Structure formats: structure tokens, C-alpha cells
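**Student:** Next come the chains, spelled out residue by residue.
There are 2 protein chains.
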Amino acid sequence: MKVIIIGGGAAGMSAASRVRRLLPESEIKVFEESGYVSYAPCGVPYYVEGLVPNLDDLVTYTPEFFRSERKIDVHIHSQAISVDVGASEVRAIVDGNETIEKYDYLVFATGALPIVPNESWLNSTRVFTIRHLEDGEKVRLYSKEVSDVAIIGAGYIGVEMAEAMSGIGKRVTIFEMKRVMPVLDQELSGLVKGEMEKAGVAVKEGFRVDSLEDNGKKVVISNGKESFSFDAAILAVGVKPNVELAKKAGIRLGQHGGIDVNNNMLTSVKNVYAAGDNVEVNDLVLQGRKRYVPLAPEANKEGYVAGSNIGGKAIEFPGSVGAAVTKFNGLEIGTVGINEEEAKQLGLDYYPVKIQHNVRASYYPPKGGLTMKVLFEKRTKVPIGAQIVGEQIWGRLVALSLGIQYKLTAEQLFYAGIPYAPPFAPVWDSTIVASRIFYEKI
Amino acid sequence: MKVIIIGGGAAGMSAASRVRRLLPESEIKVFEESGYVSYAPCGVPYYVEGLVPNLDDLVTYTPEFFRSERKIDVHIHSQAISVDVGASEVRAIVDGNETIEKYDYLVFATGALPIVPNESWLNSTRVFTIRHLEDGEKVRLYSKEVSDVAIIGAGYIGVEMAEAMSGIGKRVTIFEMKRVMPVLDQELSGLVKGEMEKAGVAVKEGFRVDSLEDNGKKVVISNGKESFSFDAAILAVGVKPNVELAKKAGIRLGQHGGIDVNNNMLTSVKNVYAAGDNVEVNDLVLQGRKRYVPLAPEANKEGYVAGSNIGGKAIEFPGSVGAAVTKFNGLEIGTVGINEEEAKQLGLDYYPVKIQHNVRASYYPPKGGLTMKVLFEKRTKVPIGAQIVGEQIWGRLVALSLGIQYKLTAEQLFYAGIPYAPPFAPVWDSTIVASRIFYEKI
Numbered sequence: 022m023k024v025i026i027i028g029g030g031a032a033g034m035s036a037a038s039r040v041r042r043l044l045p046e047s048e049i050k051v052f053e054e055s056g057y058v059s060y061a062p063c064g065v066p067y068y069v070e071g072l073v074p075n076l077d078d079l080v081t082y083t084p085e086f087f088r089s090e091r092k093i094d095v096h097i098h099s100q101a102i103s104v105d106v107g108a109s110e111v112r113a114i115v116d117g118n119e120t121i122e123k124y125d126y127l128v129f130a131t132g133a134l135p136i137v138p139n140e141s142w143l144n145s146t147r148v149f150t151i152r153h154l155e156d157g158e159k160v161r162l163y164s165k166e167v168s169d170v171a172i173i174g175a176g177y178i179g180v181e182m183a184e185a186m187s188g189i190g191k192r193v194t195i196f197e198m199k200r201v202m203p204v205l206d207q208e209l210s211g212l213v214k215g216e217m218e219k220a221g222v223a224v225k226e227g228f229r230v231d232s233l234e235d236n237g238k239k240v241v242i243s244n245g246k247e248s249f250s251f252d253a254a255i256l257a258v259g260v261k262p263n264v265e266l267a268k269k270a271g272i273r274l275g276q277h278g279g280i281d282v283n284n285n286m287l288t289s290v291k292n293v294y295a296a297g298d299n300v301e302v303n304d305l306v307l308q309g310r311k312r313y314v315p316l317a318p319e320a321n322k323e324g325y326v327a328g329s330n331i332g333g334k335a336i337e338f339p340g341s342v343g344a345a346v347t348k349f350n351g352l353e354i355g356t357v358g359i360n361e362e363e364a365k366q367l368g369l370d371y372y373p374v375k376i377q378h379n380v381r382a383s384y385y386p387p388k389g390g391l392t393m394k395v396l397f398e399k400r401t402k403v404p405i406g407a408q409i410v411g412e413q414i415w416g417r418l419v420a421l422s423l424g425i426q427y428k429l430t431a432e433q434l435f436y437a438g439i440p441y442a443p444p445f446a447p448v449w450d451s452t453i454v455a456s457r458i459f460y461e462k463i
Numbered sequence: 022m023k024v025i026i027i028g029g030g031a032a033g034m035s036a037a038s039r040v041r042r043l044l045p046e047s048e049i050k051v052f053e054e055s056g057y058v059s060y061a062p063c064g065v066p067y068y069v070e071g072l073v074p075n076l077d078d079l080v081t082y083t084p085e086f087f088r089s090e091r092k093i094d095v096h097i098h099s100q101a102i103s104v105d106v107g108a109s110e111v112r113a114i115v116d117g118n119e120t121i122e123k124y125d126y127l128v129f130a131t132g133a134l135p136i137v138p139n140e141s142w143l144n145s146t147r148v149f150t151i152r153h154l155e156d157g158e159k160v161r162l163y164s165k166e167v168s169d170v171a172i173i174g175a176g177y178i179g180v181e182m183a184e185a186m187s188g189i190g191k192r193v194t195i196f197e198m199k200r201v202m203p204v205l206d207q208e209l210s211g212l213v214k215g216e217m218e219k220a221g222v223a224v225k226e227g228f229r230v231d232s233l234e235d236n237g238k239k240v241v242i243s244n245g246k247e248s249f250s251f252d253a254a255i256l257a258v259g260v261k262p263n264v265e266l267a268k269k270a271g272i273r274l275g276q277h278g279g280i281d282v283n284n285n286m287l288t289s290v291k292n293v294y295a296a297g298d299n300v301e302v303n304d305l306v307l308q309g310r311k312r313y314v315p316l317a318p319e320a321n322k323e324g325y326v327a328g329s330n331i332g333g334k335a336i337e338f339p340g341s342v343g344a345a346v347t348k349f350n351g352l353e354i355g356t357v358g359i360n361e362e363e364a365k366q367l368g369l370d371y372y373p374v375k376i377q378h379n380v381r382a383s384y385y386p387p388k389g390g391l392t393m394k395v396l397f398e399k400r401t402k403v404p405i406g407a408q409i410v411g412e413q414i415w416g417r418l419v420a421l422s423l424g425i426q427y428k429l430t431a432e433q434l435f436y437a438g439i440p441y442a443p444p445f446a447p448v449w450d451s452t453i454v455a456s457r458i459f460y461e462k463i
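Read top to bottom, the protein sequences are chains G and F. 22 is the number of the first residue of the first sequence in the numbering used here; add one for each residue after it. 22 is the number of the first residue of the second sequence in the numbering used here; add one for each residue after it.
Mixed in with the good hints there might be a few duds.
One copy or two, it doesn't matter: identical chains are merged, so the pair holds either way.
[What the hints assert, rightly or not] Derived DSS-like pairs (lysine-lysine); straight-line CA-CA distance at most 25 angstroms: (1) K334 - K402; (2) K428 - K402; (3) K334 - K462; (4) K92 - K462; (5) K23 - K50.
Calculated directly from the structure, the hints in this document are not laboratory data. Only a predicted model underlies this, so the values are computations on that prediction, with no experimental measurement involved.
Pulled out of the complex, with its shape left as it was, chain G reads as follows:
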């Protein structure tokens, strides 16, 4: 039995490893266009910042490891050109030679692509996107020669790149069409903006970059009214599913443009699976919706599920609530589910709770706090979204994420066994207090 996997990132290698575990005799081929497999692009900002000394540190396993230890036939710098699902064939450039490979099972694990408002912007050697590890290398090298850096987009990657660039002493300006961390509602977004400005980052909100031009010395960024010049610009306006190959092969796409899969990660075509940042999955916040969730834990588990099903173990990926976390310097930022803006657009009947709270017993040093916003759906009494900004947010986000995913009511969250000791939490922890506020209303 032969399995071909297109893409050697988290989802692809997770699928490959799972097939190998379940089917020791199968033939498994992976085509990866970059020079790395099993890499962590989420680590790129920390490599640029110098916290991670070597690019290789961002690689969990090398191609060599997969070939020798797991008998997975990994080909880097290799690329699928087209797929014929009728003939079960992939045409690809493998190690420099164009070949046609037959498969019994195929997995699309082609990941995401950075959204580029205008392809011509990439003609400048001063303009960068972050996708593969090699992009991190380019940015790190180039950053040594520059002083003024623009970051376009203030989502997760934009904020992380701003931390990295200001961390190595660059003058950073961040442009955002909407607001900093647009996934946060205005009041929490403002806290992140404040932290960025404290670090000397110039924040331009409500700024839509209409043109980006390289004048031979500088990158000039304009919204049609104001112009700013920089030594370099990083595009971080978001990502979209990389689906061209699948689309041309006749694989069905979904409402968000990602590959449409069932819970087994099977596409619309028999024996063809997909996993990772190129698919859309069930939204576990609101029933019946799909969600595009380009996040590493999801990609890994989707790959695991695809590989399991190919290997004969029928399991299902239930979907995602989209829990995500990052930080800017000392300020941690986390979200899960939907924000108030979305809740309003959807016409949901919700109750928002917003609190500021200590993260330790008030007497236990050091002082530390967070701001938490939780939306409870009035009808079901369960949380449908949470945002946290501050210190020590991870554990609180975990509690709320589980609450959203497994439909725990405010009452259940209020009575949840949240462990307490003075160095770890107040006796009434923020998750308990936020739940109590809604619980007392009902």
C-alpha cells in the first residue's frame, strides 16, 4: 500500500508517522517544497528575536530521522504539480526530476499561504512574508542591516514580529486596518496597543495600506493620505488555505475556502484526505458552522486523524473552538471562541462579563493581574467566547476553552475544581468570578 503526502509540515508528518505506526509495511512518500520537514513556523519570531539561536532548533525531526527511523520517504525541495484523482496519480518534481507517482491514499497537507494584498509588493527585496523557516532566515539576516521596520497587520504573527523586531532594537511601526489584535474586542485590544506603545512601537490603527513601493532605497507605505518610509516591511495581514492544487484536482472546497473534509479528514474524493492549515473544520462553538483554524495543535491532530483513518483505525476529529495564545513582551494575550463583535453580527443573545482580577493571592508577591472577558449564551448558559489579556493567562484560557468546547454551564464552571494556593491563584479565581457573575443573573 502506498501513501503520498503533499506537504511535510505538522499535519503532513503527523499523518505520515501515524500511518507508519499502524501499517508498518506501507510505502509512505512525502513531498515538501521547502528545505525542512516537521518544522515549527510559530518559532520564527523567536528566531528573529535571537531567543532561539539556530534555525535547526525549530525542526522537531530532520528528513534523515524520518527516512532512517520511521522509514518515511521524505523529499525536500520537492513539489507536487498536479493531481489526477481519477488515475490516483501525482505529478511532481522530486529531487529535481519530474515524475508521476501512483498512490492508494493521498493526503493534502499543503498548509496556508500568507495573504498578499498585491502580488507586486513582493517584487521588493525589502518586503518579507513569514511562512517557511527560510523566511525567518531571510528576515534575521536582513534585519541586521536595517533600522526602521514596518509590520503590516497586527494579528498574531504581526504582534509577535513586532515583539521580535523591537526586542532587537529596531524602530517598529505596525499598520493595521482595524485594531491591534482584531480578534480581541476594542477594550482588550487597547491594552495590547498600550503595551506595544510602551515598548516604543508606533501603532497605526485604522490604516489600510493601499500602496507599497520600493523606491530603490526605502519601502514607502501609504493609505492614499499619509506615506511612511521604511528599510524593510513584513507582511502579516493573515493567512489563507493553500488549496490551488486540490481545487484543480476537483476536490471540494468549503465556505471559508479551505478544503471540505468530513470528521475522518476525508475530502470529497475517495482515498484523498486533507489536514492542517488548508482545511476547514467543524466549529465547536456554534453548531453547524465551519471554522478555518490555521493553528498548530489542530494541524497536528488533523494529521493524526487522517493518518489513523488511512491506517485502518476509524477515528474522528470533532472540530475546534480556536483557542490561541501569544504575548507581547510581558503581556499575554489569549482568545477562544467568538468575540462580542461576532456575537452581535450573528444576532446571538449573549451576556458579556468583563473583570479585572489578581492572578495570585493579593498578599503573595509579585502583584499580577489580568483582564478577562467572557461571553455567555443566555439560552444555553454556556460560554461561547473568552478573551484574556495580562499575566498567567494560559491556565485560565484552558479552563474557558474546555468550558466552551464541552458546553459547561456557568454553574458548572463556578463549581469547577480550580486548584488554589497563594502563589498560583486567588481563592476566587477569575474563571470562577466571571462564571459567578453570570450564574447570579440566571
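Use these hints to put chain F onto chain G, whose structure you have.
**Tutor:** Using the frame of chain G, we list chain F on its own:
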């Protein structure tokens, strides 16, 4: 309407505040034997260690605050002597005068008492227990004059007092009948023991203190074979429910010796409630059992529930999974549910998973890890116990605690939205990996 509350700790003041909120016109009297109400005895070790400068810092609200802001008639240094539930009367020494007070509702919030193997041990002025804030004051004062300190008992309080005493430069020996942190299974207990020894604490496990004598200069501790001398000794062998008053009043006790309450926190006697470290509650790990859980979050919520029911809002305290956390220096220690020793004694059909895991992406500094042990019940597939020792354990313990309490299966925990970013967690976090190991078995 008049409510009397015996005990002004977490449970008592939580109940009092809730009644006040719901019944603005009621008369509420609180009798507290110590000089503080609304205090946090869990902070005592950190006061002794000097991390908390003033004893008053451990008090959330003063008696004056309750009297003036919440119209709660608080009496410190006041003690109930007897209760006549037939006549609905409490005989008490209030502000030095013996009086009889009628009540419409009564709440026993008498807390716990330190277990003292032999009452005569307390005759020595060199021997201390930790219950009220005043005990912290005594220990802090006395500790200035001593070099060698014995701690008897290596549970939560013993370990915290050992951290405090070694933190201020004392030579500490800790005696424990069983093993360090007996709530942990042997292998995780050993990690805590190692950390204590690294800090210079002498750990004597399997040592049952048979005699403790004050020879006029030293406290001599012996197990009948070996003897050791110290300048001071702290008894921390555990706590038991403080129920004498309730027992004499004819209130029914439960299997663990705590006051038997229903989910409304009502005792066996009409209009008499109980909350806090003097009650036993539903065990949410194994159905049909009761559990004695002398923990602050439980006490606060039980008081809240008792007060709500008195105030006319019928709500229920569902019970507890006993989630608890502490630390010794940099080593964090957490447990929830039952350990393997108990699971064996109960004859449960369980599957133990033990892993060591990073707490951040492997490339993100600093390196940090934890050891996690999770027991899954084979029949139901849900976790019934978890123990974690290491760094950054709190959020992981939260996830497993919710899993145990709300019966999430290994599959549900595997697919849980655990937020990931390199500074916060590995992409396959320990909770996911532990769940996967059992999930793959089934």
C-alpha cells in the same frame, strides 16, 4: 430574621456576605474565636517566610469593614459554648459576656483543627500548630531565636512550612510516617523529597513520632529507636473537622467525621447549615462516596451556597474532586482525584499513564518540564486522578481537574482546545499526550 454564624473564616464570612446580599434587612451575627475574620491561614507559611510583611495582609476584610459596610455584626474573641437546636438558641461568650442568642438560621463554620497525636505535646512552648493567624505570629516570632526546627508531617502544610523555615535559614528536619506528600504516589513523592534535600532539608520518611518531650532546652523527638533534638517543632500531621459543638447539639456526622450536609449545605437539623472545613461533601470522582476536603475554594463556595439557601435562593453545592496545589521552592506540586494507591485499595480497573514533558516548545527558553501521572478508569474512559510535579503545572492541573469533575473521556481530552504558543506550551501539551496514550489503548 436573624442568622447566627459560628466561625468567621472563609466559609462563615462567605455565608454571611451572601445572606446580607439576598436579605438586606436580616440580622446577621458572627462569633469568631480568634482575633481575625475573613482570614487566609493558607498564607501563614508565606508570612513566616517573610514574603508577606504584615499579618494584616492575610486578612481580606476587617471586622470593622463587615460591621460598617455590610452591616454584619461580627464579634471577634467570641465563642459559642453550646447550641440548643430545639429552642433555636446559641449560648456564647460574646465580647467577654456569656449570653444566649435566639436564631432563625444557624451556620456552623467552625473549620478544622490540627490533628495532635498527643495533647501533652502542646504543653511545650517550643511546639506549634498552624490554625489561626495568631499561630503564624507565634511561629514567626519564635523562629527568630532558633536554629534547628522539626516539622512533623510532610503534607501540604508541612511542606510549605519546610519551605518557609529553610527559606529563612533554619536547619529543617521533616518527619513523615509515610512519604513526603503522601497524597502523591511513590515516584512523584520522590521528586519532592529530592527537591527538599537539595535545599538542605533533612527528610525522615517512614518515621512515626512516638514521643515528643521538652527537656527544658530542646524538643526531643523519637520513634522509639532514634531520637533527635530541636529548638522548635511544628505539628503538621493533618487536620480534622472541628465538630464537637455540632455533635453535642445532635447534628449528624458523616463517615469521615465531618458534619453531614445535603447539597444545600443543610445539616440533619432544620434551619441549621454547615460549611467549610467542618463538613464532608459529595465525592465527584467516584459516585456515592463522600469526601473530606478542607480546602479554601470549597469552603468559600460552601459558605456561598449555605448563605444563598438561607437567603431564599435554592442552589446546590455539587461536591468536590479535591484539586490542590502547592510548591516547594521552584518545584510545583498538584493533585486532583485519587492516587494509584487508593485506586488499588478500591479495586478499581484503571490504566496509569506517566509522562515527563516540556512545558514550552522545546526551543523556547528556559527549559522547563514536569512529571505527570494520570489514572484513567477503563470502563468509563475518564480520568479519576492526576498528580503533577514540576514547573508550570497549574494550567495542566486545571485541565485534568475539569476532566475528572465533568467526566471528559480520554478522547475528549485529547481533542480539547489546549492553547499553544512556544512560550506557553509544546504543540502536543502534556495533557494531550497523556490522554493520547490511553486513547490509543482503547
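**Student:** Tell me, please, which holds for K23 and K50 at an alpha-carbon limit of 25 angstroms: within, between, both or neither?
**Tutor:** Result: close within a single copy only, 8 angstroms intra versus 78 angstroms inter.
**Student:** If the cut is 25 angstroms between Cα atoms, do K428 and K402 qualify within a copy, between copies, both or neither?
**Tutor:** Both, since 9 angstroms and 19 angstroms are each at most 25 angstroms.
**Student:** From the Cα coordinates, with 25 angstroms as the cut-off, is the pair K334 and K402 best called within, between, both, or neither?
**Tutor:** between (36 angstroms within a copy, 18 angstroms between copies)
**Student:** Given identical chains, is K92 near K462, meaning Cα to Cα at most 25 angstroms, within a copy, between copies, both, or neither?
**Tutor:** Answer is between; shortest inter-copy Cα gap is 24 angstroms, intra-copy 59 angstroms.
**Student:** Tell me, please, which holds for K334 and K462 at an alpha-carbon limit of 25 angstroms: within, between, both or neither?
**Tutor:** between (46 angstroms within a copy, 12 angstroms between copies)
Violation of the numbered hints given earlier is absent; every hint is satisfied by the structure.
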